[in-house]
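Student: If you read the sequences in order, they're chains A and B.
Note that my numbering has the first sequence beginning at 292, numbered continuously upward.
Note that my numbering has the second sequence beginning at 482, numbered continuously upward.
Honestly, the hints are just simulated from the structure, not real lab data.
The model shown is predicted, which means the values in this text are computed figures rather than measured ones.
The C-beta atom is built at its ideal place from N, Cα and C for all residues, glycine as well.
Wrong hints could be hidden among the right ones.
A partial selection of chain B residues facing chain A, derived with a Cβ cut-off under 7 Å [unchecked claim]:
hint, residue
1, S552
2, H648
3, R661
4, G663
Here is what each chain is made of, one letter per residue.
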Amino acid sequence: MRFALGPLLLALASLPALGLRLATTTSVYDSGLLDRLLPAFEGAMGVRVEVLAVGTGQALRLAERKDVDAVLVHAPDLEGEALKRGLIAQPLCLAQNSFLLVGPKRDPARVREAGDVREALRRIARARAPFVSRGDRSGTHLKELELWRKAGLTPQGGFYLESGAGMGQTLVLAAEKGAYTLSDLATYLTVGRKRGLEALYRREDPLLLNQYTYYLVPRGAKAEEAEALRRFLAREEAARLVEGLRVEGIPLFMPLRGRCIIPRGGGR
Amino acid sequence: MEAAELVEISLRSLWVAGFATLVAALPAVPLGLWLASIGSGGIFGRILLYAGLALPSVVVGLFFYLLLSRSGPLGSLGLLYTPYAMVLAEAVLAFPLIAAFVLSGARGRVEEVRLLVRSLGGQEGQVLPTLFWESRRTLVAALAAGFGGAISEVGAATLVGGDIRHHTRVLTTAIVVETRKGELESALALGMVLLGVALLVTALLVILERE
Numbered sequence: 292m293r294f295a296l297g298p299l300l301l302a303l304a305s306l307p308a309l310g311l312r313l314a315t316t317t318s319v320y321d322s323g324l325l326d327r328l329l330p331a332f333e334g335a336m337g338v339r340v341e342v343l344a345v346g347t348g349q350a351l352r353l354a355e356r357k358d359v360d361a362v363l364v365h366a367p368d369l370e371g372e373a374l375k376r377g378l379i380a381q382p383l384c385l386a387q388n389s390f391l392l393v394g395p396k397r398d399p400a401r402v403r404e405a406g407d408v409r410e411a412l413r414r415i416a417r418a419r420a421p422f423v424s425r426g427d428r429s430g431t432h433l434k435e436l437e438l439w440r441k442a443g444l445t446p447q448g449g450f451y452l453e454s455g456a457g458m459g460q461t462l463v464l465a466a467e468k469g470a471y472t473l474s475d476l477a478t479y480l481t482v483g484r485k486r487g488l489e490a491l492y493r494r495e496d497p498l499l500l501n502q503y504t505y506y507l508v509p510r511g512a513k514a515e516e517a518e519a520l521r522r523f524l525a526r527e528e529a530a531r532l533v534e535g536l537r538v539e540g541i542p543l544f545m546p547l548r549g550r551c552i553i554p555r556g557g558g559r
Numbered sequence: 482m483e484a485a486e487l488v489e490i491s492l493r494s495l496w497v498a499g500f501a502t503l504v505a506a507l508p509a510v511p512l513g514l515w516l517a518s519i520g521s522g523g524i525f526g527r528i529l530l531y532a533g534l535a536l537p538s539v540v541v542g543l544f545f546y547l548l549l550s551r552s553g554p555l556g557s558l559g560l561l562y563t564p565y566a567m568v569l570a571e572a573v574l575a576f577p578l579i580a581a582f583v584l585s586g587a588r589g590r591v592e593e594v595r596l597l598v599r600s601l602g603g604q605e606g607q608v609l610p611t612l613f614w615e616s617r618r619t620l621v622a623a624l625a626a627g628f629g630g631a632i633s634e635v636g637a638a639t640l641v642g643g644d645i646r647h648h649t650r651v652l653t654t655a656i657v658v659e660t661r662k663g664e665l666e667s668a669l670a671l672g673m674v675l676l677g678v679a680l681l682v683t684a685l686l687v688i689l690e691r692e
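Model the full assembly from the supplied sequences, consistent with the hints where possible.
Tutor: Encoded structure:
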């Protein structure tokens with residue numbers, strides 16, 4: 292009994308020290324971006340940040356229920372809708388990189404030869420080569436669905452696998468199955484490449500742009516702290532931290548310094 | 482993962498599971514003994530209890546999520562995504578385990594204990610305390626089962642804890658994160674620690690029971 296008392300008291304003592312809650316996507320978290328940004332912010336402002344790594348869809352649901360104070364997400368269409376409904380506010384464009392199609396080295400659908408990303412998807416569907424979808428309403432999943440739509444296809448059947456998991460796990464699954472998948476650059480470099488997947492379609496293409504935006508949740512419990520984090524992320528120091536994150540010399544994100552196209556329904 | 486963080490995560494796992502076991506045991510042990518003492522009259526209670534063993538942890542997690550969410554009925558307590566929410570969910574899951582263990586252990590001894598109490602001139606009210614004392618060995622197994630269920634819990638722990646680093650990350654949720662990141666070696670190492678912790682606590686309980 293006495294043994295249990297110590298940790299118990301310790302736990303009770305830590306109750307009021309709740310920090311700012313930030314819901315974000317697995318890609319931002321797993322790539323280590325927040326591990327660079329947040330300690331600098333916490334050191335400067337003395338505010339603790341608690342990160343929930345979920346998909347964009349879930350992050351916005353958490354914002355709707357007021358269970359988080361801020362979100363960092365990457366699905367412009369969903370964000371625009373949430374902005375219109377007043378679930379999130381004050382967008383700050385933080386960083387961008389691009390999506391890419393990854394797959395097995397032998398490339399059975401010959402995606403490498405595709406002229407654009409829509410054709411690449413058509414080749415995969417035509418070859419009925421296995422393709423792993425996130426299937427979790429994350430930013431990446433929504434982008435993938437948009438790309439299929441633009442390719443004029445509704446993927447279904449045995450070749451189309453839904454993982455229902457985060458990006459890292461989806462890449463591991465794709466590697467195991469010898470399948471293609473759509474990935475963000477950061478998670479591909481940190482996870483996918485190690486598993487032997489190759490970037491098969493990777494070109495400058497506005498369709499593949501992947502933009503991360505920070506929003507406040509209006510009337511959140513820690514509105515002041517969320518605002519402080521917004522100011523910190525808008526600083527040049529934060530932009531440098533974003534720029535400096537590299538894997539084997541390749542930058543994972545490009546800082547946006549607050550400048551980008553705010554999703555429609557937006558405006559300040 | 483650094484050693485300091487590993488220690489932190491392991492200690493948090495220990496206290497969340499330990500606290501949950503305690504919270505569950507306080508009502509579960511008397512319930513198990515009582516159900517044992519009323520014999521076949523407690524058939525409904527027994528059915529419910531054994532059904533509780535099949536309680537899916539994600540359903541419990543979802544239930545507590547809705548209850549504790551800021552838009553939920555208990556949202557003002559601010560418990561969601563804290564270790565306390567994990568304690569609550571794990572306690573609910575450990576409760577039927579502990580009660581069922583106590584019940585099945587005590588059932589066989591009820592008549593013997595009742596005779597003993599009567600022959601010593603005691604009242605019916607003294608049956609339960611005596612039964613408790615006579616079943617203390619079973620109690621250890623019950624606590625070990627409850628603790629084992631709590632510390633290996635991942636579904637409910639993720640839903641109500643949120644796997645926040647330095648705050649609600651425990652061994653099981655850390656294993657999920659490392660696996661998601663493809664850091665399979667780290668995940669495996671964490672799994673070994675989890676097994677080690679479970680083994681250690683169970684060994685401690687068994688040693689305590691022996692004397």
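Student: All hints are to be evaluated individually against the structure, with a verdict given for each.
Tutor: Right, here's what the structure says about each hint:
Taking 7 Å as the C-beta cut-off, the interface hint given for S552 of chain B holds, the closest approach to chain A being about 5 Å. Nearest Cβ of chain A to the Cβ of H648 of chain B: about 5 Å, under the 7 Å cut. The hint holds. Look at R661 of chain B: its Cβ gets to within about 4 Å of chain A, closer than 7 Å, so that hint holds up. Below 7 Å, beta-carbon pairs count as interface contacts, and G663 of chain B has one with chain A at about 4 Å; its hint therefore holds.
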